[in-house]
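> Read off the chains here:
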Amino acid sequence: MSLRTSRPARAGQYAALLCYLVFLAFPFLWLISTAFKPAPELGSLHPTWIPENPTLDNFRQAFDEQPLLRAAGNSLIAALSAGVIAVVIATPMAYVMARHRSRLSTAATGWVVVSQAFPFVLLIIPLFLVLKYLHLINSLWGLIMVYVVWSLPFALWMLVGYVRAVPPELEEAAAVDGADRLRILVSVTAPLLAPGIVATALFAFITAWNEFFFALVLLKTPEKQTLPVVLTHFLGAEGASDLGPLAAAAFLATLPSLVLFAVIQRRITGGMLAGAVKS
Amino acid sequence: MTLANATVQSGRHGPPGSPRGKQSGQINRNAGTWFLVLPALIPILVLSVGPLLYGIALAFTDSQSGRTRSTQWVGVLNFQDLLHDGLFWESFRIGLFWAVGVTVPQFVLALGLALLLNENLRMRWLARALAIIPWAMPEVVVGIMWRLVYNPDAGILNETIRDLGLGDGRDWLTGLATALPAVIVVGIWAGMPQTTVALLAGLQNTPHELHEAAALDGAGAWRRFRTVTWPALRPVALSITALNFIWNFNSFALVYVLTNGGPGGRTRLPMLFAYEEAFRYGQFGYAAAMGCVMVAVISVILAVYLAGRLRGGEDR
Numbered sequence: 066m067s068l069r070t071s072r073p074a075r076a077g078q079y080a081a082l083l084c085y086l087v088f089l090a091f092p093f094l095w096l097i098s099t100a101f102k103p104a105p106e107l108g109s110l111h112p113t114w115i116p117e118n119p120t121l122d123n124f125r126q127a128f129d130e131q132p133l134l135r136a137a138g139n140s141l142i143a144a145l146s147a148g149v150i151a152v153v154i155a156t157p158m159a160y161v162m163a164r165h166r167s168r169l170s171t172a173a174t175g176w177v178v179v180s181q182a183f184p185f186v187l188l189i190i191p192l193f194l195v196l197k198y199l200h201l202i203n204s205l206w207g208l209i210m211v212y213v214v215w216s217l218p219f220a221l222w223m224l225v226g227y228v229r230a231v232p233p234e235l236e237e238a239a240a241v242d243g244a245d246r247l248r249i250l251v252s253v254t255a256p257l258l259a260p261g262i263v264a265t266a267l268f269a270f271i272t273a274w275n276e277f278f279f280a281l282v283l284l285k286t287p288e289k290q291t292l293p294v295v296l297t298h299f300l301g302a303e304g305a306s307d308l309g310p311l312a313a314a315a316f317l318a319t320l321p322s323l324v325l326f327a328v329i330q331r332r333i334t335g336g337m338l339a340g341a342v343k344s
Numbered sequence: 196m197t198l199a200n201a202t203v204q205s206g207r208h209g210p211p212g213s214p215r216g217k218q219s220g221q222i223n224r225n226a227g228t229w230f231l232v233l234p235a236l237i238p239i240l241v242l243s244v245g246p247l248l249y250g251i252a253l254a255f256t257d258s259q260s261g262r263t264r265s266t267q268w269v270g271v272l273n274f275q276d277l278l279h280d281g282l283f284w285e286s287f288r289i290g291l292f293w294a295v296g297v298t299v300p301q302f303v304l305a306l307g308l309a310l311l312l313n314e315n316l317r318m319r320w321l322a323r324a325l326a327i328i329p330w331a332m333p334e335v336v337v338g339i340m341w342r343l344v345y346n347p348d349a350g351i352l353n354e355t356i357r358d359l360g361l362g363d364g365r366d367w368l369t370g371l372a373t374a375l376p377a378v379i380v381v382g383i384w385a386g387m388p389q390t391t392v393a394l395l396a397g398l399q400n401t402p403h404e405l406h407e408a409a410a411l412d413g414a415g416a417w418r419r420f421r422t423v424t425w426p427a428l429r430p431v432a433l434s435i436t437a438l439n440f441i442w443n444f445n446s447f448a449l450v451y452v453l454t455n456g457g458p459g460g461r462t463r464l465p466m467l468f469a470y471e472e473a474f475r476y477g478q479f480g481y482a483a484a485m486g487c488v489m490v491a492v493i494s495v496i497l498a499v500y501l502a503g504r505l506r507g508g509e510d511r
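Chains as they are written, first to last, in this note's numbering: chain A, 66 to 344; chain B, 196 to 511.
These aren't lab readings, by the way, just hints derived from the structure by calculation.
Given the structure is predicted, the values throughout are model-derived calculations rather than measurements.
Quick reminder that beta carbons are idealized off the backbone N, C-alpha and C, glycines included.
One or more hints might be untrue.
As the list claims (entries may be wrong) - Each pair of labels, with its calculated beta carbon distance range:
1. B:Gln275 <-> A:Ala74: 54 to 64 Å
2. A:Val263 <-> B:Pro234: 15 to 25 Å
3. B:Tyr476 <-> A:Phe88: 36 to 46 Å
4. B:Arg418 <-> A:Phe88: 39 to 49 Å
5. A:Gly175 <-> B:Gln259: 28 to 38 Å
6. A:Asn118 <-> B:Asp363: 21 to 31 Å
7. B:Asp363 <-> A:Asp122: 23 to 33 Å
8. A:Ser71 <-> B:Pro426: 21 to 31 Å
9. A:Leu83 <-> B:Leu371: 33 to 43 Å
10. B:Leu497 <-> A:Thr171: 16 to 26 Å
11. A:Ala172 <-> B:Arg319: 37 to 47 Å
12. A:Val263 <-> B:Arg319: 18 to 28 Å
13. B:Gly281 <-> A:Arg75: 51 to 61 Å
14. B:Leu321 <-> A:Asp122: 23 to 33 Å
Unchecked claim - Residues of chain B clear of chain A, computed beta-carbon distances all greater than 12 Å:
15. Gly281
16. Arg288
17. Val335
18. Gly362
19. Arg421
20. Pro426
21. Val499
22. Ala502
23. Gly503
24. Arg504
Here chain A stands alone, though its shape is the one from the complex (with noise of 0.2 Å):
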């Protein structure tokens, strides 16, 4: 904002943004803090925020105690096949809910909306019978079908945005030109999109990766078990000692979605402003 801040007001300003970097930075410096710590340092009754011996041990420890790389494969699998399944199959219907005002259209948007609000309860009973009938409990398969109708409703929400943002003139100049509408579509809308089509199957990706009450309920055994399940085991025995594994194993589940979030970051909140703007 160009408008002239007084002195006071900008230090009160910076005094607020600092509260506001402490509160929202020092559980995750914990987090870190804790996980290269050697265990006589965790089990200090006065424990400091830089460890004075960092240690990797918590690390191997954790891998000990649970199958992290087989759950962490489960995850990568589970989150790949929904995110690319969810935008592929979500792109034709967000293209023609862009561009087409039909009561389908209305419809669809209307679900999306409405999905957001309904307790997963309502939903995961039923899916469990279901899934169970077709022999797809405790698969991940059954899972990943649940995460593809879960994605959905944000991957069309985010798509239809995207579509939005290509000029139906281009279109247009297309159809005069002689081309059917799938050619359009592939030929001239899909490469405007990609990038926007590559941000949805991420985020699909990250919410895939982060979800935990689908996999809790559909999946049964240790070994089909995706990482968020398999985290909550660590807090099975309430000792002192379980404190490092635990924070080492959570540190490193977050990084992959980290990462993503941090490429994709700039696009989710860009398109959430770009549609703010243009309405």
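Dock chain B against chain A, hints included.
Using the frame of chain A, we list chain B on its own:
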């Protein structure tokens, strides 16, 4: 977010090239449209809309897991039982307290942060980056992280309290009086990014000239906020608050990891209660009825809230 977008969706483009070629183009276009829509529509109908209706139907049955007897219609029996289930209403009350307790402070804090981020401050980029972290983290990790913070001996919170000479600290997550406030703080922390980003989007939508005009007229910061910023921000604020309230009321993972509903049920949110009923005790029909009651009550609360706020908007 989605509600805000719904308003964006209306208007703007008509179908491209629709006025011409009406007879010949029409059939082709519809056929092509269905071809594009079906891949997403079928999964939505089969795995989302269908189960939802099935779930509502289950609420009127005695469906249980692992039972040999076939499931029967029992009418409103589950709902009658729920009416007398003190534990459920207790958890419902906790859920409402939690949802309001998270949503309101979260909105106030996020608004403050959004206003700051909208200013030309030096550490803005750092705050933006940090504000994203809770958003990108798995809820399970957020819960684990705060358990480390709240840990009575090895946690930083009690250590800070000891350093400041404010006593010995306490066992936050297992204390009857402190557990719910402690998880509410985590809820506020975890949901701040989305709210902040949505409000920031709304702020950047405010016409800048109005601010300058108001400033020239001698309006102070508070007057400018009240007369220029807030009216423009109102639609975004309204929809993000409504959505946050619903999300918070329906939340599960955070509290499951932090306290698993304890101590003594003090943090047992409705979703935790319904989850236990369905997947620990196998009472599918009863748990589905709980879900229905949750939806119904939330819808009524939201309708009243939205009607009230919208009417307030017209009075201006």
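> Checking the smallest CB distance to chain A, is B:Gly362 really beyond 12 Å?
About 14 Å separates B:Gly362 from the closest Cβ of chain A, which puts it past 12 Å; holds.
> Using the beta carbons of B:Leu321 and A:Asp122, state whether their distance is inside 23 to 33 Å or not.
Check passed, 31 Å falls within 23 to 33 Å.
> Is the Cβ of B:Arg421 more than 12 Å away from each Cβ in chain A?
Non-interface label on B:Arg421 holds, nearest chain A Cβ at 16 Å vs cutoff 12 Å.
> When you take the CB atoms of A:Asn118 and B:Asp363, is the distance between them in 21 to 31 Å?
With a Cβ separation near 27 Å, A:Asn118 and B:Asp363 satisfy 21 to 31 Å, so the hint holds.
> Please test the hint of 23 to 33 Å on the beta carbon pair from B:Asp363 and A:Asp122.
The hint (23 to 33 Å, Cβ to Cβ) holds, given that B:Asp363 and A:Asp122 are roughly 29 Å apart.
> For B:Ala502, which was marked as not at the interface, is the minimum beta-carbon distance to chain A over 12 Å?
Correct as stated: the minimum Cβ-Cβ distance to chain A is 16 Å, above 12 Å.
> Confirm or reject: B:Pro426 is not an interface residue toward chain A, with every Cβ-Cβ distance exceeding 12 Å.
The assertion about B:Pro426 holds, with a minimum of 15 Å to chain A.
> Starting from the hint 28 to 38 Å, judge whether the C-beta atoms of A:Gly175 and B:Gln259 obey it.
holds, 34 Å
> Do B:Gln275 and A:Ala74 keep their Cβ atoms within the hinted range of 54 to 64 Å?
holds, 60 Å
> Indicate whether the distance between the beta carbons of B:Arg418 and A:Phe88 respects the range 39 to 49 Å.
Violated - the Cβ-Cβ distance for B:Arg418 and A:Phe88, about 29 Å, lies outside 39 to 49 Å.
> Closest CB-CB distance from B:Gly503 to chain A, is it above 12 Å?
holds, 18 Å
> State, for the Cβ atoms of A:Leu83 and B:Leu371, whether the hinted interval 33 to 43 Å holds or is violated.
holds, 34 Å
Comparing the model with each earlier hint shows violations of hints 4, 17; every other hint is respected.
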